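Visitor: If you read the protein sequences in the order shown, they are chains A and B. Read in order, the letters of the first sequence correspond to residues 21 to 697 in my numbering. Read in order, the letters of the second sequence correspond to residues 24 to 292 in my numbering.
Any given hint could be a false lead.
As the list claims (entries may be wrong) - Partial list, derived from the structure: chain A residues whose beta carbon lies under 7 Å from chain B:
no., residue
1, 137
2, 139
3, 658
4, 659
5, 660
6, 678
7, 682
Bear in mind the hints are in silico, worked out from the structure with no lab data behind them. If you're wondering where the values come from, they're calculated on a predicted model, not measured in any experiment. Even glycine gets a Cβ: it sits at the ideal position worked out from N, Cα and C.
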Amino acid sequence: MHATAQMDTTSVKEQELHEVIINANNAQRRIKAVQIGAEQIQVKELTAAPALFGEVDIMRSLQLLPGVKSESDASSSFQVRGGTAAQNTILYDKSPVYNIGHLAGLFSSFNDNALASATLYKGLVPAQYGGASSAVLDITGRTGRSDRWGGNASIGLISAKASVEGPIIKEKLGMLFNVRRSYIDLFMKPIKKFRDNSIYFFDANLKMDWRMNDRNKMFLSFFGSYDKTRLNDMVDMRWSNLAGSLTWSHNFRGLSSSQTTLFASSYQTNNGIHIAGMDIEYLGHIRHAGLRQNFQLQWGHHELNLGAQTMISDVKSAEWLRWNNREKEQRKGWDNSAWANWQFSPIRQLTASAGLHLTVFSALGGPYYYDIDEQGNITWIYKRRKNLPVKTHVTLEPRLSLAWQPLEWMSVKAGYSRTSQNIHALRNQNTTTPFDRYAISSNLVKPEVADQVSLGLFMMTPSQAYDFSIEGYYRHIDNVLDYRDGISFASAIEIERLVLSGEGRGYGAEFCARKNTGKLTGWFSYTLSWSKTRIDGISQGQWYDANNDRRHDINIVARYKLSPTWTFNATWIFNSGQAFTAPSAKYQMIDNYIYYYAERNGYRAPNYHRLDIGATWAKKICKGRLTREWTFGIYNLYNRYNPYLITFEDSKYGRGTKAKQYSLFGIVPSVSFNLKF
Amino acid sequence: MNFEIKIAFLLLLLLLSCEKEIPIDYRETDQHYVAEASLTQNGTNVRLSTTQDVTDDELHDHVVDNATIVLSCKDYEIKDTLRYTSNGIYTSETVGDPGMTYNLDIYVGDQHFSSSSTMQDEPEVISFRFVWQKMFSERVLYGDLRIQDDPDRNNYYFMHIYRNNIGYRWAVMSDEKNKGGELQQLFGCTAESKMDNGDSDALQENDALRIEVRAIDRASYDYLYSMQVMKSAGTNPIPNFTGGCLGYFSAYSYVNLYRTFHRNEVEEK
């Protein structure tokens, strides 16, 4: 523990002790926790990573964990164990949210000030969760201080944010409000060239907690984010997320509890193109409203989670207005699930978590449904009465996790889970964009079902200063969707005509070594992984490397707390080349040379690596009532131009095909100022 | 509407800080035959060639001159063997009739490829003009083609602009956008600054333009549309020939419009 004579040493000591305890407990928790493949994340720990443009981003920090990868350079979307970002479920205070990126995914929509903690389940999820064939990220919003009013304000290169929190009624009713807005557009206005253009985002979080009595609490949570990009009056792209939940938490006598949550969320995208009298509008949305009930019953060493959830989903996969022709495909689904999970210790050193998650998903009548032939042509169209089930999919999902801890400092864990997903995202490119289309499971589209097994060894030193883990996994997914060859998202309004289904598999191993105590903390992680897809009608029906297949990933994260004033951090990231498709031959057709592709994803992009560094200077002033903080950072310190996009170009008359690599960022310095009160 | 994806990437391209050429160790692949075949109201034409290596820097056509190509129509009892002229081109005086389905069989070596296509009625073109559209800080030239669609059936169109007898821009379109109504197709030509700089791809004063509009069948549309989108997806067009031959066979009726490009006639949006 450290203190200086000029500071409020008591509060500093408590703060540092708190940090130490968190880190040390983390090591023990990682050894003891029965759930394999779960990463519990304390926001304070992860926001120590350097930031792009000075924006602290929990999603980018998440990507530093073993088995978790960025979708692309500087993207806030993440991929887990070979799955795509579209196969993850992100819950914010129990409400599902989608496409959580600002500025086309450069920053996540989550303001770190508003977050308390997050748990990432890397495919092996407890029975209480469902709806994702890859990973579940369960984020809990922070509640406000209950002792006094406070807040902070900060300004960086891209955005400014502010928060206020405190007790509306002391020890009874508290609130926390955060808001953030970018201001690039304000700088664009005075420049004549860019006056008619606009790029901005904002997000806001509100959380209120009401302590009704010793046994009952209520939480009201709200999250909203909005992005707008406008180019003259030609292009107008907007997308937004709204999510809200009301939770009643009741503690029974003893350790048992109940949580009842009413939630609703809406993701919306609205894009317009207006060129030379041609007006095209493209809209889409995903809306949910539901009720969730979970009982957590504890007696002795047993813990039983029993619960159920019902949710209505309204998915507009697309609505187009082209000329005077408006087309729309919108479906509703009714998603019901129930679960039971029993955690117990049959013998002293062994803990087991065994559960069952049952999903019953019904596509509802009202809109048209159809049958198609092998080429995707509609052979029959029909309609069922509104809100009556058209097709119901029942998926039983067993979950099992075992942790054997023969010694205090070591455990061996194994797990199996089956998960299913009924909201499917389809994209023509490798990254999340507002043009992603979403489809629900129906008479033609089956739920994606993933089975995963995992085995791992976890160890720590007796002092808990270091802990290590090595974990292997194998994952198989059925009913993976991809666009047919030669088809794009706009080829037809009926999305089921455009896709083919197949299977995917991923396997690999993750190694992680952490240092938890002392001035220098951090971790080293290495992931070796394979990810493959097989779809009849694509690549001659053979297995091919998935779009997101990357063999090696290395993350080195270091944080050095020089003094209570200065903290330094650095990360080094290495990914071996991502799979991509290159032409194998070319031929003349119409006016051009056309490429012929013999194999999908048969080539590797150049390796990706970069070094980020940062420094934070923090000082308490005004007798400790205010904290000033300056954060400096350099993203991509040695200015490596990493691959973001690879295209192919010919010289005149089809000669000399060249491969061109486009990079997103070189070296990016940043600075931000934060004031806490 | 790949336009929208292109716009999204255009925005990203604004952020891109660097582009550079990278070496690729291309793997060898078997050679494939390529056929570009048409049957119109004026005759039959097939160009047969083969694929070439991606790294092939030589300026020569990989033409095929030893094939047997047979055009047939069951309803008309036509069976016509095309004759070879030069440069991989095989021709016949057989003309097509709207509503009839024609088959094309190609025999080369021990391989056989076949395709079929149904000829459509002549399309009705309303107008073609050039317009300026402001994009960011400068004006971009667009060709604006309008077609009157026939409401009685599903229609598909292939539109090709020739500049001084050389292919310049092309696009395919279906009438799903506005069935029975007026269809619009925009052709992005060039930025004004490139015209001022005399860029070779930019239209110049007095350029002779021929706009050919074809009414094609569904199979031809599927092939050409998939070829249009394939560049961004890294996939091959939907096969039009059986047997593994690349390319397509299309029986179509067409009309031509002729224009001479004059910059002062370009309309503002």
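Visitor: Could you run down the list of hints and mark each one as holding or not?
Guide: To see whether the hints hold, each was checked on the structure:
Interface hint status for residue 137(A): violated, as the beta-carbon distance to the closest one in chain B is roughly 32 Å, over 7 Å. Hint status for residue 139(A) relative to chain B: violated, with the closest Cβ pair at about 32 Å, above 7 Å. For residue 658(A), the shortest C-beta to C-beta distance to chain B is roughly 14 Å, which exceeds 7 Å, and the interface hint is violated. Proximity of residue 659(A) to chain B is violated relative to the hint, the smallest CB-CB distance being about 9 Å (cut-off 7 Å).
The restraint placing residue 660(A) at the interface with chain B is violated, with a minimum CB-CB distance near 10 Å, outside the 7 Å limit. A distance limit of 7 Å between C-beta atoms decides the matter here; for residue 678(A) the minimum to chain B is near 5 Å, and the interface restraint holds. Annotation: residue 682(A) was flagged as interfacial toward chain B, and the flag holds, the nearest CB pair being 5 Å apart, inside 7 Å.
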